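Q: Listed here are the chains, written in short residue letters.
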Amino acid sequence: MKTLTFLARSGPYGSSKAKALLDMVLSAAVFEQKIQYIFLDDGVYQLLAGQDPALLAAKNVSAALPALELYGVDQVYLDLDSLQARGLSTDQLLIPASTCSAGDISKMIAESDMVFSL
Amino acid sequence: MIISLVIHGAPGTTQGAQTALTFCRAALAADHRIYRVFFYEDGVHNANALSVWPQDEYDLNAAWATLVREHELDAVVCVASALRRGVLNAEEASRYEKTGVSVDPAFDISGLGQWVDACLNSDRVVSFGV
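Quick mapping for you: the protein sequence lines, in order, are chains D and R.
So the first sequence is numbered by this note's numbering: it starts at 1 and just counts up by one.
So the second sequence is numbered by this note's numbering: it starts at 1 and just counts up by one.
Same shape as in the complex, but just chain R (with noise of 0.2 Å):
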């Protein structure tokens, strides 16, 4: 099956974004297809390499970067969300004016046209963290 995944939680403050995590790692395990992981709203400050976590915990931001680089997933940061949340690569922290570059480079940041193409070409798009 083909699935793409909407993720809106925040790590760390939702259990959304770690169930996300695990049912992407449990579908990959499965031989399903995983079309694309878009990340709204809170949800992409799962894309944040700025973030530490204490020693103690489970270091989500991490998980989740290497799990897109390890299966090469289409993992894409809603624009607009990221903007507000201070997600930015390189091109949008230059054309902002702001100091720094926060999104881990194993994510894409793009716009919702991205989660209508998945609807369009997954059998399931399944919502965390809502």
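Pulled out of the complex, with its shape left as it was, chain D reads as follows (with noise of 0.2 Å):
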């Protein structure tokens, strides 16, 4: 098993980037390799409650994240910093996540046989 580690780093809309990382995600759970999920930089308002892109034309990117614990997983983290500049707090998201610093970005990173940011 090898440990993969996911940066979200974009917001849902405006590029494919989220839905194409959280497919990325997805397919490595289904082979059933460590996971580590980490929402930072604009990706923190993927996790959001109460979107509604309808007037965009887009299909609502976060709608599959309740899934995440279905296929396994469970290693969901926000980078708090990214938060709070953002003028949001953890009680507004779709998802449960653990509260994470740059520092342990910086660890889970090192820890990581392969890391894929989008």
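These are computed hints drawn from the structure, not numbers from a lab.
Computed from a predicted model, the values in this text were never measured in an experiment.
Treat the hints with caution; some may be incorrect.
A short list of chain R residues far from chain D (calculated; beta carbon distances all over 10 Å) [to be verified]:
id, residue
1, H8
2, F23
3, R33
4, Q55
5, E57
6, T66
7, L73
8, A90
9, T99
10, G100
11, A106
12, S127
13, V130
Derived contacts from chain D toward chain R, CB cut-off under 8 Å, selection only [stated by the list, open to error]:
id, residue
14, K2
15, A28
16, F31
17, M114
18, F116
Glycine is no exception: its CB is placed at the ideal position from the N, C-alpha and C atoms.
Assembling the complex is the task here: the two chains are given apart, and the hints tell you how they should meet.
A: The structure is reproduced here in structure tokens:
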């Protein structure tokens, strides 16, 4: 088993990066790898509850996030600095995520076999 | 070392696709093994055989197809990314009733499972054009 770390750094809309990374996470989960899914920078917006992208003619990218648990992805992290810098708080989140710091993220990257950032 | 590449960038619009090609050549020249080259998202445009480049520009599509053939590389285009961007083989064109085939036959069309497989079987997986 390998440790794969995914850095979600893009907002849920405006590009397909959030969806592309989520698809990678779910595929890796099907192969039962150890996964660390870390939301930072604008990626923290992906975790917000109550998204309604209907006016964008876009699908709700985050609607699949509650399924992560079913896929066995239980290591979901959130960079607290990124959240606070955007005036958001943990009670606005769609799914539970452990808060972490830039130092924690450095450690997780160092302990990974592979890292993917989108 | 066993290396795989994930290419996110389209030829001509981002530097990533060109850098990936150069990296791939350098790795092969240094006797590393390329396990797989996986084209994802806009990266699938690199596999489009119908691209026409101006004569005074570097034809990255042709360069990739040539490299893949010369070294018999395992070059895989993500099916979900490819369908959206009209990069189709005969099978997909027929399945979705489209008039043309666009993917260069040097590339296979398959799923993200091939990317996971590359992660499991490579020492390094390097992303380009993110």
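Q: Give a verdict on every hint.
A: Structure-based check of each hint:
{"no.": "1", "hint": "H8", "result": "violated, 8 Å"}
{"no.": "2", "hint": "F23", "result": "holds, 16 Å"}
{"no.": "3", "hint": "R33", "result": "holds, 17 Å"}
{"no.": "4", "hint": "Q55", "result": "holds, 33 Å"}
{"no.": "5", "hint": "E57", "result": "holds, 26 Å"}
{"no.": "6", "hint": "T66", "result": "holds, 28 Å"}
{"no.": "7", "hint": "L73", "result": "holds, 20 Å"}
{"no.": "8", "hint": "A90", "result": "holds, 25 Å"}
{"no.": "9", "hint": "T99", "result": "holds, 26 Å"}
{"no.": "10", "hint": "G100", "result": "holds, 24 Å"}
{"no.": "11", "hint": "A106", "result": "holds, 24 Å"}
{"no.": "12", "hint": "S127", "result": "violated, 6 Å"}
{"no.": "13", "hint": "V130", "result": "violated, 6 Å"}
{"no.": "14", "hint": "K2", "result": "holds, 6 Å"}
{"no.": "15", "hint": "A28", "result": "holds, 5 Å"}
{"no.": "16", "hint": "F31", "result": "holds, 5 Å"}
{"no.": "17", "hint": "M114", "result": "holds, 5 Å"}
{"no.": "18", "hint": "F116", "result": "holds, 6 Å"}
In terms of the numbered hints stated before, the structure departs from hints 1, 12 and 13, listed from lowest to highest.
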